[in-house]
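K.L.:
Sequence:
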Amino acid sequence: MERAVMEAGAAGTGAAVGAGWNRPGGLALRRRLVDRVATGLSIAATAIVLLALGSILLTLLVRGLPGLSWGTLVHVMAPPGSNGGLANAIVGSLVQTGFAAAIGTPVGLLTGIYLSEYARDGRVVDIVRFVSDMMLSAPSILVGLFVYMLLVMPFGHFSGISGAIALAVLFVPVVVRTTEDMLRLVPLTMREAAYALGAPKWRVVLQVCLRAARGGVLTGILLAVARVSGETAPLLFTSLGNMNWSLDPGAPMASLPVAIYQYAGSAYDDWVQLAWTGALLITAGVLALNVLVRLWSRQAGSGR
Numbered sequence: 001m002e003r004a005v006m007e008a009g010a011a012g013t014g015a016a017v018g019a020g021w022n023r024p025g026g027l028a029l030r031r032r033l034v035d036r037v038a039t040g041l042s043i044a045a046t047a048i049v050l051l052a053l054g055s056i057l058l059t060l061l062v063r064g065l066p067g068l069s070w071g072t073l074v075h076v077m078a079p080p081g082s083n084g085g086l087a088n089a090i091v092g093s094l095v096q097t098g099f100a101a102a103i104g105t106p107v108g109l110l111t112g113i114y115l116s117e118y119a120r121d122g123r124v125v126d127i128v129r130f131v132s133d134m135m136l137s138a139p140s141i142l143v144g145l146f147v148y149m150l151l152v153m154p155f156g157h158f159s160g161i162s163g164a165i166a167l168a169v170l171f172v173p174v175v176v177r178t179t180e181d182m183l184r185l186v187p188l189t190m191r192e193a194a195y196a197l198g199a200p201k202w203r204v205v206l207q208v209c210l211r212a213a214r215g216g217v218l219t220g221i222l223l224a225v226a227r228v229s230g231e232t233a234p235l236l237f238t239s240l241g242n243m244n245w246s247l248d249p250g251a252p253m254a255s256l257p258v259a260i261y262q263y264a265g266s267a268y269d270d271w272v273q274l275a276w277t278g279a280l281l282i283t284a285g286v287l288a289l290n291v292l293v294r295l296w297s298r299q300a301g302s303g304r
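In full-length UniProt numbering, the protein residues as written are 1 to 304.
Among the clues, some could well be false.
[Stated by the list, open to error] Between beta-carbon pairs, the in silico distance windows are: (1) Y268 x T219: 36 to 42 Å; (2) S42 x L136: 24 to 30 Å; (3) R123 x R214: 27 to 33 Å.
Everything labelled a hint here was simulated from the structure, so no lab data went into it.
Remember, predicted model here, so these are calculated numbers, not experimental data.
Virtual Cβ for every residue (Gly too), placed ideally from N, Cα, C.
All chains should be modelled from the sequences, with the hints used to inform the complete structure.
P.N.:
Right, here's the structure in full:
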């Protein structure tokens, strides 16, 4: 009898507590607790990311700045102890990344526009999306091997254009995914207003949808540039590298990622220093490009 009374009292206490939580005051207290916990976790995650990013940038500055000089920017790669620089690697990276962007940007934009504005649900569209998503996570070394089998082995030599094509293959899926997602965020009312004014579909897509989504589209292009600018594995199988000046797209071409890969594991202090300086240059270049495009996008948006 006493046990039954005790169990009934415990059940009544639990019911009272539950009823207290479900009252307006209890619900407000619970929501405040959940909000504070979620806010605290978000702040902690942000702090961890900022600390990681800050430590990377600080390490690059501390290790890379001592090797940054005029000679590093104007002298070509040279044997250890010869006061060599990274000029040909810098130019080679700019050339190959520029070619990759020139090839991948229109292909990615047009594919993203097609998937967002013209394609209807079907097997072909599902296959295109699946391949694009798969390429986003594909190991870059596999892309390098594919382009090696396609463009290097048949011609019997490495080349800068094969390296650019390998980077373009990695470039395209990033632009496709971001372009499609940004265009889908454009409100349907903007399209309907343009159609009501008699604008054809291609003009609506180019002058209304793309203009409204240009910030996100540019961000996707920058993400693609940031991804391919530091890729090493595809270039090892395609453009290979070159210790001398070479602007011929049909010949082996130097690049900063390959130079960093070669120099970082060497036993020579000057080469290791050049590797840190090259890593700093890549990071600074991508950072500067992001800042410039963001400023341009903001000014263009405020000028409308």
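K.L.:
For every hint, state whether the structure bears it out.
P.N.:
Now for the hints, and whether the structure bears them out:
no., hint, in the structure
1, Y268 x T219: 36 to 42 Å, "40 Å, holds"
2, S42 x L136: 24 to 30 Å, "26 Å, holds"
3, R123 x R214: 27 to 33 Å, "31 Å, holds"
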